Structure formats: C-alpha cells, structure tokens
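*Asks:* Sequence:
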Amino acid sequence: MIEAAHERAIERVLEWIEDAMAVIRYRWDGIHRVRPTGGLVAARFRHCEARSGMPLPHDDVLLTRKGQRPDGLWGSIPTTALHENTVAASAPYDELVAVEVCEALGLVTEPRTVTPGRRPVMEIAGVPHELIRRSARRSDWIAVCSAELEREYVTAVDDDGEPQFLPVVTERARARPNGIAAKMTSPPK
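The sequence shown runs 1473 to 1661 under the numbering used here.
Think of the hints as simulated: they come from the structure by calculation, not from any bench. Source: prediction; values computed, not measured. Where hints are given, some of them may not hold.
Simulated DEER-style distance windows between Cβ atoms [said to hold, decoys possible]: (1) His1519 <-> Trp1546: 23 to 33 Å; (2) Trp1500 <-> Arg1609: 48 to 58 Å; (3) Ala1615 <-> Thr1551: 28 to 38 Å; (4) Ala1619 <-> Ile1503: 46 to 56 Å; (5) Arg1648 <-> Val1593: 48 to 58 Å; (6) Leu1554 <-> His1519: 49 to 59 Å; (7) Asp1532 <-> Val1571: 16 to 26 Å; (8) Glu1634 <-> Leu1603: 38 to 48 Å; (9) Pro1660 <-> Thr1587: 45 to 55 Å.
Simulated crosslink set (DMTMM-like; lysine to aspartate or glutamate; CA at most 20 Å straight-line) [stated by the list, open to error]: (10) Lys1655 <-> Asp1631; (11) Lys1655 <-> Glu1595; (12) Lys1655 <-> Asp1501; (13) Lys1538 <-> Asp1612; (14) Lys1538 <-> Asp1501; (15) Lys1655 <-> Asp1612; (16) Lys1538 <-> Glu1622; (17) Lys1655 <-> Asp1491; (18) Lys1655 <-> Glu1521; (19) Lys1655 <-> Glu1620; (20) Lys1538 <-> Glu1521; (21) Lys1655 <-> Asp1632.
Using N, Cα and C, we set each Cβ at its ideal position, and we do this for glycine too.
Starting from the given sequences, assemble the full structure and let the hints guide the process.
*Replies:* Dropping the structure here:
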C-alpha cells in the first residue's frame, strides 16, 4: 500500500513539474516559450537503502533537459527553475504519501518542530521521537560538521593573532555551510 502511494505521488509531482516548470525557450534571447509536446522524459531508479546502509526505500528521478517543440524540433529546458524547486517538488510528494497512507491505515499526522524558528515537519502521530532519531544519523553528522564550518566562518584573527568573533551568522548565510556539510558527510556512492 505504501509503495502504491509512493508511485502515485511520484506521478503527480512529475505532472506538476511538467505543468509548472517545463518550458522550452528558443529564438533570440529565448523570446519564444513553449511546453514540450510530449512532456518530460524521466528515468527512475529504485533504491532500498540510504548510502549509510540504513533502510530507506526511495526512487531517484533523472529528468532530461531536452524537450520536443510543437514544430518537431528539440530544444533545451532551462534547468534553473528545476534546480530551484527541488524542495518545492518534494513537499507535495511527502504530503500525498502521508495523506494516502494515513487515510488507509486510520492514522493522523502532527507537526513537530525540528529546528526552532523554522517551519515544523509533519510526522505520523505517536511515533516516538527517539525512534525517528535512531534512523536519522546523517542529519546529526551534518549538524556537527555545519557547526564546525560556521565556527570557522565567524572566527577571525586580529592583528595579534588572537581569535575575534564576528556577528552571528544569518539564516541565509547559514545555508552555505549546511550545503557544504551535507556534501562533506555524504558517504560515497
């Protein structure tokens, strides 16, 4: 049942991406914009575990950046919008799967604050937080690495070689060390 919900959610999200972001620009400075006539071409790869070896059934979806125009020629789909909306595409997937599974099993979701000051995440009510933490070790690695990178970022040295702390890092500036930490802590494929 969960796998069927997963399949339907992927299909719906791919339809949303086609409708919202798949545009072929052509001519001088991309003044003409059309939707690919046959939709997007995607390849899906099923995996059953995370790189860490923990169970994590998921699909990786690879989208081509080429699409067919109405005149039969092929053109490029700018990847900027696709890249910028990766998280926006995963949110409806998560919601669709959660709603379908919870309705089928008579469960409910509840919000849980993961990071203070940020939007809460929805989780199945009644699942102990410790059980969730046990399977989320990589987020701990990222947090430790990111904190170290942030410490290096905000620490400067004065003319005498003494540490001097700069102002607190903004949320926007914090995204960079978090991204670097995610790459640094990622186990090899």
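*Asks:* Between the alpha carbons of Lys1538 and Asp1501, is the straight-line distance 20 Å or under?
*Replies:* Distance ~18 Å between Lys1538 and Asp1501 Cα, so the pair holds.
*Asks:* When you take the CB atoms of Asp1532 and Val1571, is the distance between them in 16 to 26 Å?
*Replies:* holds (23 Å)
*Asks:* Measuring from beta carbon to beta carbon, are Pro1660 and Thr1587 in 45 to 55 Å?
*Replies:* For Pro1660 and Thr1587 the Cβ distance comes to about 27 Å; the hint is violated.
*Asks:* For the range 48 to 58 Å, tell me whether the beta carbons of Arg1648 and Val1593 fit it or not.
*Replies:* Cβ of Arg1648 to Cβ of Val1593: about 22 Å, so the range 48 to 58 Å is violated.
*Asks:* Within a Cα-Cα threshold of 20 Å, do Lys1655 and Glu1521 meet the stated pairing?
*Replies:* With a Cα-Cα distance of about 18 Å, the restraint between Lys1655 and Glu1521 holds, given a limit of 20 Å.
*Asks:* Check whether the Cα positions of Lys1655 and Asp1491 lie no farther apart than 20 Å.
*Replies:* At roughly 31 Å apart (the allowed maximum being 20 Å), Asp1491 and Lys1655 break the hint.
*Asks:* Take the C-alpha atoms of Lys1655 and Asp1501, compute the straight-line distance between them, and say whether it is at most 20 Å.
*Replies:* Not OK: Lys1655 and Asp1501 at ~35 Å, beyond 20 Å, violated.
*Asks:* So does Glu1634 sit 38 to 48 Å from Leu1603, Cβ to Cβ?
*Replies:* Since the Cβ atoms of Glu1634 and Leu1603 sit about 46 Å apart, the hinted range of 38 to 48 Å holds.
*Asks:* Given the hint of 48 to 58 Å, check if Trp1500 and Arg1609 actually sit that far apart at their C-beta atoms.
*Replies:* holds (51 Å)
*Asks:* Within 20 Å, alpha carbon to alpha carbon, are Lys1655 and Asp1612?
*Replies:* Measuring from Cα to Cα gives roughly 14 Å; hence the hint holds.
*Asks:* Starting from the hint 28 to 38 Å, judge whether the C-beta atoms of Ala1615 and Thr1551 obey it.
*Replies:* holds (29 Å)
*Asks:* Are the Cα atoms of Lys1655 and Asp1632 separated by 20 Å or less?
*Replies:* Cα-Cα ~34 Å, so violated.
Comparing the model with each numbered hint stated earlier shows that hints 5, 6, 9, 10, 11, 12, 13, 16, 17, 20, 21 do not hold.
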